[in-house]
Amino acid sequence: MDELVWSPRSLKDLELIYDYIKEDSIEAARTFVNELIMETTTISNFPHKGRKVPEFMNEKVREKIYKSYRIIYRIQTDHIEIVTFLHQSRRLIKQEFK
133 MDELVWSPRS
143 LKDLELIYDY
153 IKEDSIEAAR
163 TFVNELIMET
173 TTISNFPHKG
183 RKVPEFMNEK
193 VREKIYKSYR
203 IIYRIQTDHI
213 EIVTFLHQSR
223 RLIKQEFK
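Using the working numbering, you'd call the opening residue of the sequence shown number 133 and step up by one each time.
Any given hint could turn out to be false.
Said to hold, decoys possible - Below, in silico cross-link-like pairs of lysine-lysine (BS3-like), each with a Cα-Cα straight-line distance of 27 Å or less:
{"hint": "1", "residue 1": "K154", "residue 2": "K199"}
{"hint": "2", "residue 1": "K144", "residue 2": "K192"}
{"hint": "3", "residue 1": "K199", "residue 2": "K181"}
{"hint": "4", "residue 1": "K154", "residue 2": "K196"}
{"hint": "5", "residue 1": "K184", "residue 2": "K199"}
{"hint": "6", "residue 1": "K192", "residue 2": "K181"}
{"hint": "7", "residue 1": "K196", "residue 2": "K184"}
{"hint": "8", "residue 1": "K144", "residue 2": "K184"}
{"hint": "9", "residue 1": "K196", "residue 2": "K181"}
{"hint": "10", "residue 1": "K154", "residue 2": "K192"}
{"hint": "11", "residue 1": "K196", "residue 2": "K144"}
{"hint": "12", "residue 1": "K154", "residue 2": "K184"}
{"hint": "13", "residue 1": "K144", "residue 2": "K154"}
Since the hints were made in silico from the structure, they are not lab data.
Could you build all of it, start to finish, from the sequences and the hints given here?
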């Protein structure tokens, strides 16, 4: 199992997702964000199982889809970096990807 490292952007994304959903239900927001976090644990066990991000087509930049969100991560030598959580309706802009 590879260590997961969370980028500042990914943590901010989780906060924004929570804030958006809690407008309807705090419990639903808490549940959904926890589910997203749990999905990342499977990434650490099988990092190459995710598909290559189409915008990059780089072997080390991959994604896992959970409900309507893309969990985008980067495979590093000694860890896996969770880069961002992106709603499927949004495009990933290469310049924003750091």
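For each hint, the structure was consulted:
1. K154 / K199: holds, 17 Å
2. K144 / K192: holds, 22 Å
3. K199 / K181: Distance ~17 Å between K199 and K181 Cα, so the pair holds.
4. K154 / K196: OK: K154 and K196 at ~24 Å, within 27 Å.
5. K184 / K199: Holds - the C-alpha atoms of K199 and K184 are around 18 Å apart, at most 27 Å.
6. K192 / K181: Between K192 and K181 the Cα gap is close to 11 Å, so the pair holds against 27 Å.
7. K196 / K184: Cα-Cα ~9 Å, so holds.
8. K144 / K184: Between K144 and K184 the Cα gap is close to 23 Å, so the pair holds against 27 Å.
9. K196 / K181: Holds: K196 and K181 sit about 8 Å apart, inside 27 Å.
10. K154 / K192: violated, 33 Å
11. K196 / K144: holds, 18 Å
12. K154 / K184: Violated, at roughly 31 Å.
13. K144 / K154: holds, 15 Å
Violated hints for the displayed structure, listed by number in ascending order: 10 and 12.
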